[in-house]
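Peer 1: Sequence:
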Amino acid sequence: MSIQKTEKYDLPKAYEFSEIEQRWYERWLSEKSFRARTDDGRPSFSIVIPPPNVTGVLHIGHALNNTLQDVLVRYHRMKGDNTLWVPGTDHAGIATQNVVERQLAGEKLSRHDLGREAFIERVWAWKEEKGGTIINQLKRLGASCDWDRERFTMDEGLSRAVREVFVRLYKEGLIYKGDYIVNWCPRCHTALADDEVEHDPTEGKLYHIRYPYADGSGYVVVATTRPETMLGDTAVAVHPEDERYQHLKSVGISLPLTGRVVPVVFDHHVQREFGTGALKVTPAHDRDDYEIGLRHDLPRLKVMDDLGVMNEAAGVYAGLDRFACRRIVVADLEAQGLIDKIEDYQHAVGKCYRCATVVEPTTSKQWFVSVKPLAAKAVAAVEEGRIKLYPNTWYRTFYAWMENIRDWCISRQIWWGHRIPAWTCEECRKLIVEVEAPDVCPDCGSTRLNQESDVLDTWFSSALWPFSTLGWPEQTRELAVFYPTSVLITSFDILFFWVARMMMMGLHIMNEVPFHDVYLHALVRDKYGKKMSKSTGNVIDPLVMIEQYGTDAFRFTLTAFAAQGREIRMDEERIDGYRRFINKLWNAARFAQMHLKEADPGITELAAEPKGLSLAHRWILSRLSTTIAGVREALDNYNFNDVASISYQFVWHEFCDWYLEWIKSDLFSEELTRRDEAKAVLLTVMEQVLKLMHPVIPFVTEEIWSQLPGRRDSIMRASFPETVEQWTDTRAETTMNLLMDVISGLRTIRTEAEVHPSANIEAMLICPDEEQRRILEQYADGIRSMVRAASLRIEASGVVPDDAGHGLVQGVELVVPLKGMIDVAGELEKLAREQVKLQKELERVVGKLSNAQFINNAPEAVVAKERDKETEIRTRLAKTAESMERLSKLR
RNA sequence: GGGCGAAUAGCUCAGCUGGGAGAGCAUCGGCCUUACAAGCCGAGGGUCACAGGUUCGAUCCCUGUUUCGCCCACCA
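Last residue of the first sequence? That's 890 in numbering that gives the first Met the number 0, and every number before it is there in order.
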């Protein structure tokens, strides 16, 4: 490869992405190209970003999520819609608090050393300093968010929205404070929602303990995995129809270690088959026991405090950590001979999704949202099609989940977050719930008011995101233009955490859906289908990929992988493959640029009405039109992978492989009109392709676009391609298909006979069909140059010489005389295989055609197709036999 | 236990409402042919998991089985 060649062109030989990406992104920013438009009369298109945690760093899931959003946003912006993409971050209560607490721990401090206010200041300081990481990383990805509208869930405006909603729901009776059993994380000091608890299968023990009857007449064996909770037992439960225990009706149980006497209750919840069929009941420390306790009016005895340490109610065990207590309780029971047996036991243990500490179910006062009435509105909106889910496999899951929904515990015992806007009057105990802090108690006038110390679940503010980011509760122009948003793009794992709650809040507060469509994309896994995790070491870091392969290649890969499935197996090799594609496009542009440099951009008008143009031009324009239609349809239906594959196929295998090769002779021609026509169509196709692909690969398309002839504004402001009716030309496509088949067929003959690629051949085409013959004659020069043929004879009939390479496409016989170059044995073998295949196929077709049922029931067109097939197979069989006969003579 | 999803070429995956199996990568052969060797031209490779059923016709619809994955609930 020579350096001299390169000098002829203005573009470097290989696409160098890093400088180009940086340069263009800065320019887009400085030109405010991402700014939302609110022109009257245009359709609007809006997306709110799923706000990443402010503590977050860009992982591959974000990369996928935001690439898909950017693809849609850029598409709609080019279509001329009023397009808005709102960026922002989530304050991520526990996660952020943990980060800062870790920082403090490094200074040997806890948050309690600082106190609440100082700690929160410290978190804000951290946010100002480090919180922007993921935003900058999104910029590397090319995200075209309207950055001037960046929001944070703890911003003043959004916090106001949170309080407004809280107060409204409270006053409507949809928020209440209640005693409830919650999942308590003793490390994070907070209650966790059910879906914040992860259940890992864990090896544990199942302890079978003897509970003596109060009258000393015997004992019943109960089984538990958490023996320390027995200190809080307030009953033993058995199934009402369990014959084994009918006699217990009048017997009390003397609880070991404490000597308390507890009753036996009869409850259908108890599984007779499990263990002994007797269940110890600890209403204060077990979800199911809590329910049993309610049904039988049992006392709730809390034996642990918020740190997981046994409290005074645990008597002599007070002050022990729950796990230490477990060991000692077991030892004590053993000493008294009350352990029946201890088994190894695998069970699911609930763990905190943030810190993996074993969760302790416990009772406490918490705030709740009554979600049933809200859920009903969401379900109705989905049922009525006001919100559509893509892929549609999610409907069932959605409905099932919404039916079983339980009240939402929204209070969290941490400091970082929206503090609950409720105050208790120290004098008269009145609970005051207001948007702004009250000065005095409205009932007694006392100024001794204490605000709730709990903050709200982070998802509470996220649920308001689609309207809080647009300025609610103010009635802003943004709300008027952009709410409801067009589509929400997110990962399916937060369908219920977040998506469903946005539906509820949007419908209830705004009286309108928050978005029309929900596109749920897959989870990205490694190439073996494993979850990516730091500990497994299989993480693919988007920023590393961007540096290695370029943002465009990376984005194209994510788009290509985004089929409507549930998982994506990311393989780095694919990224490299698409990097080559970007390079291919780049080189096609170099080639175009070499010819178009001096061209007047106005020449594209020649392509507007292609009737008079030569075949290849009409063909590529027709294919382009189909491609545009395909890409638009795919984009409109969120079939992102189709967007990628349709454009890939067109650019590489039609535009580059065939069109560019075919028009070289035109571009180098002495005839001015031939040259101009070629330039006109070449430029047209280049422009359309760049615009078509810009949403997916913004950088390379902008760079090439800027190099094309003429003074050019950013491609971002160019209009998205539309199909052009005049371009559709099925005749040109059929004709071109014939030529391509003939050319490929002749090339195959060359290759199989091992003719050197630079050697010329003589070729003959036997073509009985007059129309086809006319076409072949017309384009004989093109065929000759594409297959390196010194001569090309086209005949209506003829005899195939014995020592000729032979092929058959679309009824045309391809003949290449090859003296002594044919691998006779090899060819014969191949033909024999072919023959077997054809015969099998023929049998099938004939069988079908002789079936009266088929003839009568199948559509006309299908039957006709089968008939054609039969004729074709018979011809091919005959030609195969002829070829075999010919070759046999050469042996 | 309940629900959902997947099973198609060596690998990663497409295949819309049933009518002759596709792509990319990998493999094999040949080429520095004037945009691209990060390339070009060719080739091989699949009982569409298995068993039934519906149908003139099933990769596609139905039933069951197997394997894998996920979600929900957790029998203490």
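Check each hint, because a few of them may be wrong.
Think about it this way: if two alpha-carbon atoms lie no more than 16 Å apart in a straight line, the pair counts; the simulated EDC-like pairs of lysine to aspartate or glutamate are [what the hints assert, rightly or not]:
1) K138 to E18
2) K364 to D178
3) K596 to D675
4) K170 to E435
5) K878 to E826
6) K847 to E826
7) K690 to D712
8) K126 to E155
9) K583 to D516
10) K610 to E753
11) K301 to E359
12) K829 to E751
13) K301 to D178
14) K31 to D147
15) K364 to D406
16) K364 to E435
17) K340 to D304
18) K376 to E511
19) K818 to E753
20) K126 to D154
21) K888 to D801
22) K78 to D38
Don't read these hints as lab results, they were simulated from the structure.
What you are looking at is a predicted structure, and each value in this text was computed from that prediction instead of being measured.
Peer 1: Decide, hint by hint, whether the structure agrees.
Peer 2: Each hint tested on the structure:
no., hint, in the structure
1, K138 to E18, "holds, 15 Å"
2, K364 to D178, "holds, 4 Å"
3, K596 to D675, "holds, 13 Å"
4, K170 to E435, "holds, 15 Å"
5, K878 to E826, "holds, 14 Å"
6, K847 to E826, "violated, 31 Å"
7, K690 to D712, "holds, 13 Å"
8, K126 to E155, "holds, 15 Å"
9, K583 to D516, "violated, 35 Å"
10, K610 to E753, "violated, 41 Å"
11, K301 to E359, "holds, 11 Å"
12, K829 to E751, "holds, 11 Å"
13, K301 to D178, "holds, 13 Å"
14, K31 to D147, "holds, 9 Å"
15, K364 to D406, "holds, 14 Å"
16, K364 to E435, "violated, 23 Å"
17, K340 to D304, "violated, 29 Å"
18, K376 to E511, "holds, 10 Å"
19, K818 to E753, "holds, 12 Å"
20, K126 to D154, "holds, 12 Å"
21, K888 to D801, "holds, 7 Å"
22, K78 to D38, "holds, 14 Å"
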